[in-house]
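Residues per chain, in single letters:
Protein chains: 2
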Amino acid sequence: MDSIKAILFDTFGTVVDWRTSIVRQLSEFGNRKEIQVDWESFTDAWRAGYHPGMDRVRSGQRPWVNIDIIHRERLNELLAQFSVAALTESEKEDLNKVWYRLNPWPDSVQGIARLKQRYIVSTFSNGSFACLVNMAKYGGLPWDCIFCADIVRHFKPDPETYLGVVEFLGVKPQEVMLAAAHNYDLRHAQIHGIRTAYINRPTEFGPNQTTDLKPECDWDIVVDHISLLADKLGC
Amino acid sequence: MDSIKAILFDTFGTVVDWRTSIVRQLSEFGNRKEIQVDWESFTDAWRAGYHPGMDRVRSGQRPWVNIDIIHRERLNELLAQFSVAALTESEKEDLNKVWYRLNPWPDSVQGIARLKQRYIVSTFSNGSFACLVNMAKYGGLPWDCIFCADIVRHFKPDPETYLGVVEFLGVKPQEVMLAAAHNYDLRHAQIHGIRTAYINRPTEFGPNQTTDLKPECDWDIVVDHISLLADKLGC
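Listed in order, the protein sequences are those of chains E and R. Numbers given in this note's numbering equal positions in the first sequence, counted from 1, plus 64. Numbers given in this note's numbering equal positions in the second sequence, counted from 1, plus 64.
Excised from the complex, chain E in its bound form (with noise of 0.2 Å):
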């Protein structure tokens, strides 16, 4: 461990709890509109588009659009099939940018600042550039640069994104550490060479969650928290 340089982070679910933020966001919305919505439902249809919508760009049905493009046409759906009708067109474009104001888990900042001190930490996620950016201004998130899909112009788990960043940060796969909630993201960093932490989230989609609620592989760290990860590493 001792040669390690960066800790990469997925970010949503990871590092923000997306689920209760836009839910938060979209209620503040609908009172504001006054319009009645089951907004846990519309947040959950929302985020159920996003490996779909990834997929296609993946596979190669379609050239290469970012997550902001696949969640604003998710989002244009859902306002029809959710009958909220009659937002203007910069309505529409404000509620996507939800996904920019996303709150941190309680451990999040203090845990990812302990981090900083010894190691490079940075974003390892599908987001945008610019949701990254406005997401760490919102959240206090201290990270040394954004890495993210937008770069390499491709998701993951494309080989792309984890051989993308390596060579951007000019390191060897095993002086990364990918820190994830998500047993996925973690198996193919590890298929590259990178370094691996659990970070358990088992409320990421809500109470009722079912994948995800613990670590599938012997990773090389588990723990409850960023924080704990810190504590792990001696920051």
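Simulated from the structure, these hints should not be mistaken for lab results. Check each hint, because a few of them may be wrong.
As the list makes no split between identical chains, a pair holds if one copy fits it or if it spans any two.
No farther apart than 25 Å at their CA atoms in a straight line, the calculated lysine to aspartate or glutamate pairs in the DMTMM-like style are these [to be verified]: (1) Lys180 to Asp158; (2) Lys236 to Asp158; (3) Lys69 to Glu153; (4) Lys201 to Asp171; (5) Lys201 to Glu92; (6) Lys156 to Asp81; (7) Lys69 to Asp132; (8) Lys161 to Glu239; (9) Lys161 to Glu104; (10) Lys161 to Glu231; (11) Lys296 to Glu157; (12) Lys236 to Glu155; (13) Lys69 to Glu239; (14) Lys201 to Asp81; (15) Lys180 to Glu141; (16) Lys278 to Asp132; (17) Lys156 to Glu231; (18) Lys236 to Glu157; (19) Lys236 to Asp132; (20) Lys278 to Asp171; (21) Lys236 to Glu153.
Every value quoted in this text rests on a predicted model; they were computed, and no experiment measured them.
Put chain R on the given structure of chain E with help from the hints.
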């Protein structure tokens, strides 16, 4: 100016004093190895390869390579020219990384930290991603994100760099300001609708500097230090 969301910084020369930092590191290296060389001339000759090296990429004479590779090729030539022999590959690689360890000008860290409270602050550099991340850690530069040639695989002043940063940040050109010590860089930023701040660095190239001694156009802001830019913008 109220609509500005991000301040981009040219880095070599504008934020860090590369010449003094490199002469110092090369002199220390020379003392350790007991090699007598005029390290000021060596440094100036190294930097003299910068624009011609990038121009061969920009003109399409050779495919994309980043600045670390251009610096390394020039270093190999100069080691021969200055009769510095018998270095191992690892010593040469470390020597090339003097460009990663550059000291900020005295006003840079505090000025950028003040601007960061209101704006997104980012590098906008022909340096490599790895160089800029490591330089930030070395000098304590509090960037929100690293934007550089590696990301768009184009060097300034190619339009792809100015248009690229605007697209990555998801903003309009007039919502971005470039702070730079070089008139050519500001000129190209202005062509693309980006706002301009000239930072006066009359000793970047040493005591006998002949270029960029003054603003050559009517830039939006002209200041001697980054702290004064923060003053002008009310930070």
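Against the structure, the hints:
For the homomeric pair Lys180 and Asp158, the shortest alpha-carbon distance between copies (23 Å) is at most 25 Å, but the shortest distance inside one copy (32 Å) is not. Taking the closest pair of Cα atoms, Lys236 and Asp158 come within 25 Å of each other only across two copies (16 Å); inside a single copy the shortest separation is 40 Å, beyond that limit. Only between protomers do Lys69 and Glu153 lie at most 25 Å apart by alpha-carbon distance; the minimum there is 21 Å, versus 44 Å within a single protomer. Both within a single protomer and between protomers do Lys201 and Asp171 lie at most 25 Å apart by alpha-carbon distance, with minima of 17 Å and 23 Å respectively.
Proximity of Lys201 and Glu92 under a CA criterion of 25 Å is satisfied intra-copy only: 21 Å inside one chain copy versus 40 Å between copies. Taking identical chains as interchangeable, the C-alpha atoms of Lys156 and Asp81 lie at most 25 Å apart only when both belong to the same chain, with a minimum of 22 Å there against 46 Å between chains. When the C-alpha separation of Lys69 and Asp132 is checked against a cutoff of 25 Å, the pair qualifies only between copies, where the shortest distance is 19 Å, while the shortest distance within a copy is 30 Å. Within a single copy, Lys161 and Glu239 get their C-alpha atoms only as close as 34 Å, which misses the 25 Å cut-off; across copies the closest is 18 Å, which meets it.
When the C-alpha separation of Lys161 and Glu104 is checked against a cutoff of 25 Å, the pair qualifies only within one copy, where the shortest distance is 17 Å, while the shortest distance between copies is 51 Å. For the homomeric pair Lys161 and Glu231, the shortest alpha-carbon distance between copies (16 Å) is at most 25 Å, but the shortest distance inside one copy (30 Å) is not. In this homomeric assembly, Lys296 and Glu157 never come within 25 Å of each other (Cα to Cα): the closest approach is 42 Å inside a single copy and 32 Å across copies. Taking CA atoms no more than 25 Å apart as the test, Lys236 paired with Glu155 passes between copies only; the shortest distance there is 18 Å, against 45 Å inside one copy.
Taking the shortest Cα distances, Lys69 and Glu239 sit within 25 Å of each other inside one copy (5 Å), while across copies they are farther apart (34 Å). In this assembly of identical chains, the alpha carbons of Lys201 and Asp81 lie at most 25 Å apart only when taken from the same copy (16 Å versus 28 Å across copies). Taking the shortest alpha-carbon separations for Lys180 and Glu141, neither the intra-copy value of 40 Å nor the inter-copy value of 37 Å comes in at or below 25 Å. Taking the shortest alpha-carbon separations for Lys278 and Asp132, neither the intra-copy value of 29 Å nor the inter-copy value of 42 Å comes in at or below 25 Å.
Taking the closest pair of Cα atoms, Lys156 and Glu231 come within 25 Å of each other only across two copies (19 Å); inside a single copy the shortest separation is 37 Å, beyond that limit. Taking CA atoms no more than 25 Å apart as the test, Lys236 paired with Glu157 passes between copies only; the shortest distance there is 15 Å, against 40 Å inside one copy. In this homomeric assembly, Lys236 and Asp132 come within 25 Å of each other (Cα to Cα) only across copies, at 16 Å, whereas the closest approach inside a single copy is 31 Å. Taking CA atoms no more than 25 Å apart as the test, Lys278 paired with Asp171 passes inside one copy only; the shortest distance there is 19 Å, against 48 Å between copies.
Proximity of Lys236 and Glu153 under a CA criterion of 25 Å is satisfied inter-copy only: 17 Å between copies versus 45 Å inside one chain copy.
In this structure, the hints that do not hold are numbers 11, 15 and 16, in rising order.
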